[in-house]
Every structure is written in structure tokens, then in C-alpha cells.
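Chemist: Sequence:
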Amino acid sequence: MANLETFSAENTRQSRHTRADVVAAALQILDDYGLPDLTMRRLAATLDVQPSALYWHVPNKQTLLALIADEIVASRVTVGAVAAAGANGGDTDAGDTDAAATVDPAPDWKRATRAEATALRDGLLSYRDGAEVVSSSLALGLGGADASRRLADAIARGGFDPTVTEMAAAALLHFILGHVSHEQQRLQADSLGVVGAEHAASVGAIADLAGRHLTIVNERDSFDFGVALLLDGLAGLQTARQSASPAVNGGR
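Following the numbering used here, the numbering of the sequence shown begins with 15 at its first residue and continues without gaps.
Please note that the accuracy of each hint is not assured.
[Claimed, not checked] 20 Å max Cα-Cα, derived EDC-like pairs, lysine to aspartate or glutamate: (1) Lys124 - Asp35; (2) Lys124 - Asp246; (3) Lys75 - Asp45; (4) Lys124 - Asp136; (5) Lys75 - Asp46; (6) Lys124 - Asp235; (7) Lys75 - Asp62; (8) Lys75 - Asp51; (9) Lys124 - Asp238; (10) Lys75 - Asp35; (11) Lys124 - Asp160; (12) Lys124 - Asp175.
Read the hints as simulated data drawn from the structure, not as lab findings.
Could you build all of it, start to finish, from the sequences and the hints given here?
Modeler: Here it is, written out as C-alpha cells:
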């Protein structure tokens, strides 16, 4: 009888939670403790269920991390991304999401792409270890794919062929993930007091060797510069190809 009561109580706790509840609790643990401490056991304790009960909602931890990655990517979106989601049959009801929409001021492809890149950066930074979660899920082909689609949709406005668009979106996404990962690692190191006098001394030594003072650039300026560098290079590639086309055709 006792076992039956225990089973019934466990079923009651299970039925109280949805997959969305599980993902929300996992995101909170991620933000509070970091990815290494996001375990199924800790998640189960947070939801007051047995670890085995979680598998009613997610088949494994990799799937859970993929769902978390999707939530992180969707946490900051541009108006253009919302419109694209609607066109693809997605739910664009702002009442159903906490995502903060950033207005895309013009249809220009560079502005649209910068807006998407910035929104993705903000989303990754809004959760501890966000870049690591999304990067690992993307590498396994499990989650976070909407990030690449959003960048590709914006880049495609420039009239690039599908192959160039896809490769450019991948390159930009790799830059975003790498940059934010560095930011988050540095923030964590600073909070733990790991970065200290040795780092400052090494920077000073490099400045002396260069014979100049190093300019301190904040992370946002560095990010914006990197995005602009990639987009300007892409635009230059397009211009070079268009300039070469008449010469090629004229030689036929």
C-alpha cells in the first residue's frame, strides 16, 4: 500500500509539470550555477520529482540542452526575425514570449544583419554560459539552428547566392559564438578573481614591446567592429564578382 501511495504521489508531481516547466527550471539553474552544475539530479530536486520523472518530458540531457539553446536564441529577436517566423508558420504572438524585439530601422541587408547579430549576442549574454550551450548544441545538430537561419535571412537581402549566404551566415555565427564565449569566460574569471596582476603585467609588457600604449576597447565596440569587418568583406566580395562578370562575358 505504501508503495502504491508513493507511486501515486510521484505521478501527481509529474503531472504538475510540463516540458516548458522543465526547460524554464533548467534555464534558471544554468543562470544561477553555470553549465557544469546543470545536472538532471539537481533539476529533479528543483522540480521536486525523481530524476527518472524528467524523462517523461525529455529523453536525455542532450535534448534538454538543445531545448535550452533554442530558448536562449529566441530570448532576443528583431522585428525582422518575428516577421520571418510568422511567414514560416511560427507563432508571433508577443504575449507568448519574453523575447525583447529590436526594431530593424531599414531594409538594408547590412543593417538587418547587424541587428540580428546584436540580438543574438544579447540573447547569449542574458544567460550564464549561454554561448557554450548554444555552440555545443549546434555542433551536435540538436538545437540553436534558428540563429543561423536568422542571419542567413538577413544576409540574403544583399542578393548573394544561396551558397555564399549560407557560408557567410556560418562564419558570422562562429564569430558571434566565439566572441561571446570569450566575454563570458572573462566575466567568470573576473568574478572569481582569477585574472590578476599577472595578466596586467603581460599586457604592459606587450605595450612596451610595441612601443605604444594599447587602447582599451570595450567588448561591445570590439563585437561591432568584428561584425562590420565580416560584412564589409562580404560586400567587397560581391562587388569584385560583379565587376569581374562583364569582363568574363566580354571575352566570350
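Chemist: All hints are to be evaluated individually against the structure, with a verdict given for each.
Modeler: Against the structure, the hints come out as follows:
1. Taken as a hint, the Lys124 and Asp35 pair is broken in the structure, with Cα atoms around 37 Å apart against an allowance of 20 Å.
2. This hinted pair checks out: Lys124 and Asp246 have alpha carbons roughly 9 Å apart, not beyond 20 Å.
3. For the hint pairing Lys75 with Asp45, the CA-to-CA distance comes to about 17 Å; that is within 20 Å, so the pair holds.
4. The straight-line distance between the Cα atoms of Lys124 and Asp136 is roughly 18 Å, inside the 20 Å bound, and the hint therefore holds.
5. The hinted pair formed by Lys75 and Asp46 meets the criterion: a straight-line CA distance of about 18 Å does not exceed 20 Å.
6. Taking the CA atoms of Lys124 and Asp235, the gap is near 17 Å; set against the 20 Å cutoff, the hint holds.
7. Distance check on the hinted pair: Lys75 and Asp62 sit about 18 Å apart at the alpha-carbon level, within 20 Å; holds.
8. Using a Cα cut-off of 20 Å, the hinted pair Lys75 and Asp51 holds, with the two alpha carbons roughly 13 Å apart.
9. With a C-alpha separation of about 12 Å, the suggested pairing of Lys124 with Asp238 holds against the 20 Å cut-off.
10. Taking the CA atoms of Lys75 and Asp35, the gap is near 15 Å; set against the 20 Å cutoff, the hint holds.
11. Taking the CA atoms of Lys124 and Asp160, the gap is near 19 Å; set against the 20 Å cutoff, the hint holds.
12. Restraint check for Lys124 and Asp175: the C-alpha separation of about 16 Å stays at or below 20 Å, so the hint holds.
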